[in-house]
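If you read the protein sequences in the order shown, they are chains B and S. Residue numbering for the first sequence follows this note's numbering, beginning at 1 and increasing consecutively. Residue numbering for the second sequence follows this note's numbering, beginning at 1 and increasing consecutively.
Rather than coming from a laboratory, the hints here were simulated on the basis of the structure. Keep in mind it's a predicted model, so treat the numbers as computed, not measured. Heads up, a few of these hints could be off.
Unchecked claim - Taking beta-carbon pairs under 10 angstroms as the criterion, some of the chain B residues facing chain S (in silico):
{"hint": "1", "residue": "Asp31"}
{"hint": "2", "residue": "Ser37"}
{"hint": "3", "residue": "Ala65"}
{"hint": "4", "residue": "Val73"}
{"hint": "5", "residue": "Trp232"}
All C-beta atoms in this analysis are idealised placements derived from N, C-alpha and C, irrespective of residue type, glycine included.
Here is what each chain is made of, one letter per residue.
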Amino acid sequence: MTCRRAEAEAGGSVDNVADPTHRVVNHFLHDFLGGLSSVIMQIEALRDGTFGEVSPGQDRRLGRAVDDCERMVALIQDYRDATQMLEGAFRPEAEVLEPAQLVADLRAELEATGARRGLVARLSVHGRLPRARVATSLVRRLVVRLVRMLASCTRPGGEMSVEIGVENGDGPTRLVVAATAEGVEFDHDALQSTLDEHSQATHGVQIGRGYAMVFALAATRCVGGELRLGPWPGRGTRVDLSVPLERL
Amino acid sequence: MDGKHRVFIVDDDQDLVEIMRSVMEAAGYEVVTAGSAREAMERMEAASPHVILLDVMMEDTVAGFRVVNFLRDFETYPQNRKYEKIPIMMLTSIQQRTGMKFSQDAGSRLLPIDAFIEKPIKPRALLDRVAQLLAQQ
C-alpha cells in the first residue's frame with residue numbers, strides 16, 4: 001500500500017460515507033474513542049504503578065473500570081462500522097487468515113470471558129484449518145463478538161463451548177464456527193425476530209443487546225457468511241456461523 | 001547521543017499526549033510533542049527524535065499520512081533523507097478496520113512506517129514496542 005493509497009483509504013473510512021449525518025456521527029465517534037483511549041491509558045498507567053503503588057483491591061476496581069471502558073470502545077466501534085456496512089460504505093480488505101492466530105485469539109477471548117463471568121469455556125478445533133484469504137480482521141471481530149454475546153446468556157458456572165473447523169461441500173470451502181451456551185434457552189421465534197428486526201430477545205437476560213446483533217448481522221453479510229441462532233434444546237442457546245474462504 | 005532517547009509524540013488529543021508523556025518519562029525517555037501534522041513538520045528538525053509516535057487523524061483524517069510523506073517521500077522532500085532511519089510508529093484505531101499494511105522500506109508499495117499500535121494503547125505495550133524499535137536501529 002503506498003502512502004497515498006493508505007491516505008486515501010484512511011480518509012475514505014471516514015469521509016466516503018455518503019450520508020452527511022453519518023459522516024458527522026463518524027467524526028463524533030472518533031472523538032469518543034479518543035477520549036476513552038485516554039481514560040484507559042490513564043487507568044492502566046495507575047495499575048502499572050507509574051504513579052505509585054496500588055493496593056490489590058484498588059487494582060481490581062481499576063481493572064473493572066478498564067473492562068467497562070473497553071466494552072464501550074467495542075460498542076462504539078460496532079455502531080460506527082455497522083452503520084457503514086449497512087450503507088455499503090465499509091469495504092474490508094481481504095488478508096491471509098492464519099489459522100493459528102485465529103485459534104489463539106479465540107482461546108484468549110474464551111479464557112478472559114470465562115474468567116470474568118465465572119464460566120467454563122471450551123474451544124475445540126476440528127481438523128486442520130487451511131490458510132485462506134478472507135476479511136480476517138472482520139471475521140475475527142465477528143467471532144469474538146458472538147462469543148461475548150453468547151456469554152451473556154450462559155448461566156453462572158455454566159459451560160460455553162466453541163467448535164471451529166472447515167466444511168468442504170459443493171461450493172467454496174467455509175469456515176464454520178458453532179458456539180453453545182449452557183443456561184438460557186431462548187425461544188426460537190424470539191431469536192428469529194432478533195435476526196429479522198434488529199431487535200433484542202429477552203429471557204431474563206438479553207441476547208444481541210445494544211448494537212452487538214446489528215453488528216454481527218451486518219458483518220456476516222459483509223463477509224458473505226451465514227449466521228443462525230437457535231435454541232439448544234434443554235440446555236441453552238446455540239449460534240452457528242459459516243464464512244466462505246478463498247483457499248491459498 | 002546525549003544519554004536519553006527522545007520520543008516525538010504527535011497527536012491532537014492533549015489528554016492522551018499528557019498520559020503518554022508521563023508513561024514515557026517515567027520509563028526514562030525524553031519527550032517532545034506536537035499537536036498537528038503541520039506542527040510536527042515544523043518541529044521535526046529541532047525535536048531531533050530517536051522515535052516518532054504518530055496519530056493518523058488530527059486536524060483532518062489523513063494528517064498523519066502527510067507527516068509520513070514528509071519523512072519518507074524523498075523525491076518530494078530530498079532534504080528529509082536525514083530522517084530515514086528514525087522509526088515511525090502510527091497510533092491508530094483504523095488499522096484493524098482497513099487492514100492497512102506497512103513496510104520499513106521507503107521504496108515499498110506498502111505504507112513506509114515501522115509499526116502500528118492500536119488505540120486504546122496499554123502503557124506496557126507502548127513501552128515494549130518503543131524499546132523494540134529503538135533496539136532495531
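**Hints the structure fails to honour** = Per hint list: 3, 5 violated.
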